[in-house]
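Undergrad: Sequence:
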Amino acid sequence: MAGNAGLASASSAVVAPTAGIRRRLRSRFDRLWRLLAPFRYSRWDDSDPLDHEGREALYETIERSPGAYLSAVCESADVPVSTARHHLDVLEDEGLVTTVKVRGKRRFYPGRAEDAELVAALEDEGTAPVLRALGRLGDSHGGRLADELDRDPSTVSHHLSRLEDAGLVEREREGRAVVNRLSPEVRGVLRGDEETGDEETDTESEASAIAD
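Count the sequence shown with the numbering used here and you get residues 1 to 212, in order.
These aren't lab readings, by the way, just hints derived from the structure by calculation. Take the hints with a grain of salt, since some may be wrong.
[Unchecked claim] Derived Cβ-Cβ restraints for the label pairs, each shown as a range:
| id | residue 1 | residue 2 | range |
| --- | --- | --- | --- |
| 1 | A177 | E125 | 22 to 32 Å |
| 2 | L149 | E53 | 20 to 30 Å |
| 3 | T155 | E75 | 30 to 40 Å |
| 4 | S154 | R181 | 14 to 24 Å |
The beta carbon of each residue, even a glycine, is placed where N, CA and C say it ideally should be.
Based on the provided sequences and hints, a complete structural model is requested.
TA: Structural data, given as structure tokens:
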């Protein structure tokens, strides 16, 4: 039981900091959706990709629960898996849904691929600490990151490769070392997350002072 409690606590520590990022990305999804809604036609014909009860239910489920796995999406939308696969492929082809593979399993997100990749990486207990360490340290080689995170260098290198494949980290060889840095977009999002956290802390402090 103690082990499970520790695992739950560690998982919460990874996921919690993404709340501000989720809010900003969701706001971006919402703004884009409002702009495109009047012109929401298929790329292939004049039909509305969401003009289908099951497809619309799947999309709304993914909107409410970004990052859900296929089984959870199907259960919540009450659509059989065999039927859902086709409709999810249509939504992805139309650019309304993005899938990200995390440890071999597909997770579903609304909107743009790069946003989905970032949220998925920040919710993964392997890649999230690496991203945040790079955010704190700036450009760093693998050994420095391994020391900072107290992890085996080969493990850190594996996660860096995953992040590079997702377009979230840039890696450049300098002499015998490989220097790692966050992509410009990720730097901006993480910086915004820190500022949001500072603002929320200030607000909580002010509320506490008023209450006292």
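Undergrad: Evaluate each hint against the coordinates.
TA: The hints, checked one at a time:
1. A177 - E125: 22 to 32 Å: Because 26 Å falls inside the window, the suggested range holds.
2. L149 - E53: 20 to 30 Å: The hinted range 20 to 30 Å is violated for L149 and E53, with Cβ atoms some 47 Å apart.
3. T155 - E75: 30 to 40 Å: 34 Å, holds
4. S154 - R181: 14 to 24 Å: Since S154 and R181 have Cβ atoms about 20 Å apart, the given range 14 to 24 Å holds.
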